[in-house]
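Chain by chain, the residues:
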Amino acid sequence: MTAPMPVIIGVTLVVLLGLATFLTWFERRLLGLWQDRYGPNRVGPGGILQAVADGIKILFKQDWIPPFADRGVFVLAPAIGMMTVLLSFGVVPVTAFWSIAGDLNVGLLFVLAMMGMGVYGVVLAGWASNSKYALLGGMRAAAQMISYEVFMGLSVLGVVMQAGSFTMRDIVLAQSGLWFVVPQALGCAVFTLAGIAETHRLPFDLPEGENELGAGFHTEYSGMKFGIFFLAEYAGVVLISALLVTLYLGGWQGPLLPPALWFALKTGALVCLFILLRAALPRPRYDQLMALGWKILLPLSLINIAATGAILLLHAPG
Amino acid sequence: MFGILRTLWLTFLHAGHRRVTVGYPEHKPPLPPRYRGRIILSRDPDGMERCVACNLCAVACPVDCISLQKAEQDGRWYPDYFRINFSRCIFCGMCEEACPTYAIQLTPDFEMSEYLRPNLVYEKEDLLISGTGKYPDYSFFRVAGVKIPGKDKGEAEREAAPIDLHTLLP
Amino acid sequence: MSDLPFILFSLVAAVAAIMVVTRAVAVHALLYLVVVLLSLAGVFFALGAPFAAMLEVIIYAGAVMVLFVFVVMMLNLGRSDRDRERHWMAPAVWIGPALLSGLLLIALCTTLRTIPPTAASDTMAPIGPQSVGLLLYGPYVLSVELASFLLLAGLVSAFHIGRNIRGTGTGEP
Ligand code: SF4
Ligand code: SF4
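Residue numbers (UniProt numbering), protein chains in the order written: chain L, 1 to 318; chain C, 1 to 170; chain H, 1 to 173.
The hints are simulated quantities; they were obtained by calculation from the structure and are not laboratory data.
Any given hint could turn out to be false.
As the list claims (entries may be wrong) - Pulled a few chain L residues facing chain C out of the computed Cβ check, cut under 10 Å:
#1 W34
#2 D36
#3 A279
#4 A280
#5 K295
#6 L298
Keep in mind the model is a prediction, meaning the values are calculated, not measured.
Ideal placement from N, C-alpha and C gives every residue a C-beta, glycine not left out.
The task is simple: from the sequences and hints, build the whole structure.
Put into structure tokens, the structure is as follows:
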């Protein structure tokens, strides 16, 4: 049943990068829809080739490295950002038979580890650019992402306790009766918020914060290096959505339709939700963001863990 | 918390709202007649050029994009050349306000893109139209006291005949 | 050759470790340190301890090193610092310690060779997170508790340092 590994990896890579490119257009169209505008609708049917046009344009832009930047790290940073996101997809089980390492016995930890490494992409970009705005953006990113990693890790612990495994596939299989979003609603909410902060998407995009920081950590980036950051952000959105689906929404499981379609549908709906968040919500202040994390999300996720543990113990056989 | 969810929901509802964007090249936006677009020079009802080369528009123009030279024929003044550099014009309408003869007028046409900047310098031939523009009945020389062929002193509208200084009659 | 990943990872770790001490720019050194930690995680993985590997990446490479980078970023080190580092890197400084450590390494290797290989090394099955957890909260529960005390103490002192002293104008009102 399972396809050979190189095929899986290749298809996943192509689909992901294509999806990220597609999302650059899709998000703008959806934002337009929700803000009573059109968005890019000229290039190709419905404007879908806008992504291609943007890609061509950004590929042919001058790939400029500022003379004051630290060249090596400057080039490395976007690559780190992209790679960590792509690697995380390795453990996401699309269906029971289609995943690169869906049955890795520390799958969830691997995702968290990759998220942790993802911080470097942003922080090093901020440092290597050697400019004030980028540095400030990088510092914000470091503090924000490290903090939210904590809540993310804590919030998924409830799922791990219920499923009794770190393996993504087992977690999905454990949801064949009831999706974890019901018993783990609190954890799901915390995970969603932490996921947004972790991909530094609006409304938590303070590392970029174009009103006050120019463009934040990628102020000095241009050409395809900026494009890589851009694509990594969208791939991150897809990743968080896919993780939410896997951890809380029953993964590929669903009636009638084939599993892969269910997975795609759920992920797509969540991506739309992320875009809706961007369309609707303003950006909080930085101290509000940190206060939300440490004063609300941390206690909430701890309560979630304690409650889950207590209930599991009460229902434990023997 | 509730406010945030409500915001999300309300924004979501906007998916069903009409879009305010006008898809421009296919749908032209309705422009009011007094829209300040491309500048024209109009003619009076007799078909003569209205502009009397008084230079008031050139003085009023905040970006100094009007340039003209006076010429004279049979007592009528007219511009020898009249040049507007539309790459500098800000379409403020000051020239129209300043003009004493309603000669210079702004029209609701804004589609004047060019690939070459010099093509945006419009000469008198480009500016002059054959009609009267927004003021169909007004003719400066019928109101003004200037003497032109076919209209002597005192023959203008609302103008009394000149007093003959050499007669002693009351 | 199932040892190949292990050898590869250890090689990377060793080379990166040398790079750590020879870099003149602090952030570059830290980056190589991250590489060291990642390859150590790889070593753990190759040895069949994925849980430890992941924790290594999450905690050391992902959190601790980011804080290091964070601090170094804020120090605003410039060209003069780099030149001073270069100056300190003169051979006269490091040749003595390096020779001695080399001797130590040789001694270590020779003594290690004398120890007979244990049987456990062949029957190594990967250790999953469950068995680690059972061990931690079984035989090693005391050390876990002690470590948590230490962490709690750190937490309390951090809270004490960072608390808002009323009237001094620090922090939020
Ligand atoms: S519209 Fe304004 S800027 Fe343009 S020619 Fe008239 S006065 Fe000058
Ligand atoms: S267009 Fe009007 S203001 Fe300008 S020179 Fe002619 S008459 Fe005078």
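Evaluated hints:
1. W34: It holds, given that the least Cβ distance between W34(L) and chain C is near 5 Å, below 10 Å.
2. D36: holds, 5 Å
3. A279: Holds, about 5 Å.
4. A280: holds, 4 Å
5. K295: violated, 14 Å
6. L298: Constraint on L298(L) not satisfied, violated at 17 Å.
The structure is inconsistent with the numbered hints 5 and 6, although it conforms to all the rest.
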